[in-house]
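Asks: Below, each chain spelled out in residue letters.
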Amino acid sequence: MIDNLTIMLTHGLMLIAVWRLLKRPEVDDESTIDPDTRKGRWPRA
Amino acid sequence: MMLLGFLAAMFAVGAKRPFLWVLTYVYIDIVAPQRLTYYLLNSVPISLMAVALAVGGFLLLDKKTDVRFAPRQGLILLLLVYCGLTTMSADFPVEAADKWAWVWKALAFAAFLPFTLRTKLRIEALLLFMTLAVATIIIVGGVKTAMGGGGYGELNLMVTNNSGLYEGSTISAVAIAIIPLILWFLKYGTIFPPDWRVKAFGYALILSCLLIPVGTSARTGLLCIGLLAVLMFRFTKHKLAFAGAIAIMGVAAIPLLPASFTQRMDTISDHKADESASTRLAVWGWTISYAKQHPFGGGFNAYIQNKVRYELRDADGGAKGIATDEARAYHSAYFEMLGEQGYPGLLIWLIINFAGVFRMEILRRRHRDPSDPYAWAGQLAAALQSGQLIYLLGAAFVGIAFQPFIYMLIGAQIGLDSYLKRKRGEGATTTLRPIRKVATPVTT
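Line by line, the protein sequences are chains A and B.
Per our numbering, residue 866 is the first one in the first sequence, and the count goes up by one each step.
Per our numbering, residue 2 is the first one in the second sequence, and the count goes up by one each step.
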């Protein structure tokens, strides 16, 4: 019971993380970052 | 079934972003899903598939223009070669080959990992995956401890064979070591920007981490919590309030701790009454004299040949008799390295680890200003440094010199270091070029 709920929780979070990573091209290329249009991003150097 | 679907999804998304295969391997290495389910997974070599895709994806599909080779990667490779040599001349060739079979993978992956960490988001994604993957074990352990389960070797962490990260003392040290990292995510996370949900999960996870040493009754974990408090004290602004809060929390926690835990923790101060601690000291003594005769180490699992005698005393210091034992494990990463890899191996291992502590200190200081655009990196360096220091303390009492999780942490450190060097290089090329031109004729 606890085992399965925990597995569901952490694996669900990992899947959401992967989903969000797929939508962010800066995983592969940081020149695509636009700090003004997306919130929660780090400032450009 | 669920795990199978998850893995299938991970393998599939890697086709779009090959870096995700690296995360897939990290996940498999930490959670070992093939050990949680007997359905199909243990007949398919998923770990091998993931590592082949991760390396293949990097070699064939990833950009390699700004790849750097850091000195510590060289040291990891050197350690890999050295361990290979000691395995060939090991005292126990069969047993040594067993350990070599997983150690070389951990080391090779640690040397490879920094190459893939080209962007800030990749570093964050790696650490997030490491945290969430190990959280699977930590939450199970934390919840079961809170519900009254536990005891040394008794806390049920989903698998029964008590190895890898599922081993009580190991997970205790690792659980405490990742707390600074979780705190970093609660401030600088961008994959999960810190809103109330993320914060609630993060703090619950930290509580779970703190419960792991209680649940496993691992004394090492308690020492690690102590070090964590000291390290956090270093960075906190309101030192007096922090010290007060720690003291109140400590006192409040004592009545809540199970009796089995407090009894075992009492043995930290009077170790002579305790067999586990006495054998440890005896084995360490044996290792030191063994290393004098075998300065280049006896290869993996050389401890099997030890025979130790030690004196048992009761809590008042009176003699209770002599006990003998053989084939006692090292119960310390430092002695594990000394006995198995000799002085050179121990030295390389120490340099790899303490160079990390040192490099992270430099990065932390360089980017300590909150208005610095790389303040996140300074704070991350501090978290990675704290995590490593906690590991290095825990490693004094647990034989975890080759724990793959820690090598991934070291890989992340190297990745962060190389990333910042590259960024400094990009910033410097425009301003430094004229100076270099002047300097060149002078040196020739």
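No wet-lab data here; the hints were simulated from the structure.
For clarity, every value in this text was computed on a predicted model and none was experimentally measured.
In this text, a Cβ means the ideal position worked out from N, Cα and C, and glycines have one as well.
Misleading hints may appear alongside valid ones.
Unchecked claim - Derived, one-sided and incomplete: chain B residues facing chain A with beta-carbon distance under 7 Å:
1. R18
2. L76
3. L78
4. T120
5. L122
6. I247
7. I249
8. A253
As the list claims (entries may be wrong) - Computed footprint of chain A on chain B, listed as stretches where at least three residues anywhere in the stretch have a Cβ under 8 Å from a Cβ of chain A:
9. 9-17
10. 392-406
Asks: Please go over all the hints and tell whether each is borne out by the structure.
Replies: Going through the hints against the structure:
Of the supplied interface hints, the one on R18 of chain B holds, with its beta-carbon coming within about 6 Å of a beta-carbon of chain A, less than 7 Å. For L76 of chain B, the shortest C-beta to C-beta distance to chain A is roughly 28 Å, which exceeds 7 Å, and the interface hint is violated. The restraint placing L78 of chain B at the interface with chain A is violated, with a minimum CB-CB distance near 26 Å, outside the 7 Å limit. Annotation: interface hint on T120 of chain B holds; nearest CB of chain A at approximately 5 Å, less than 7 Å.
The closest approach between the C-beta of L122 of chain B and any C-beta of chain A is roughly 5 Å, which is under the 7 Å cut-off, so the hint is satisfied. The interface hint given for I247 of chain B is broken, as the beta carbon of that residue sits about 28 Å from the closest beta carbon of chain A, more than 7 Å. Because the smallest distance between the Cβ of I249 of chain B and any Cβ of chain A comes to about 30 Å, over 7 Å, the interface hint for this residue is violated. Here the hint on A253 of chain B is broken, as its CB sits about 25 Å from the closest CB of chain A, past 7 Å.
Closer than 8 Å: that is the beta-carbon criterion, and the region 9-17 of chain B has 4 residues meeting it against chain A, so the requirement of 3 holds. Using a Cβ-Cβ cut-off of 8 Å, 0 residues of the region 392-406 of chain B lie near chain A, which falls short of the minimum of three, so the contact claim is violated.
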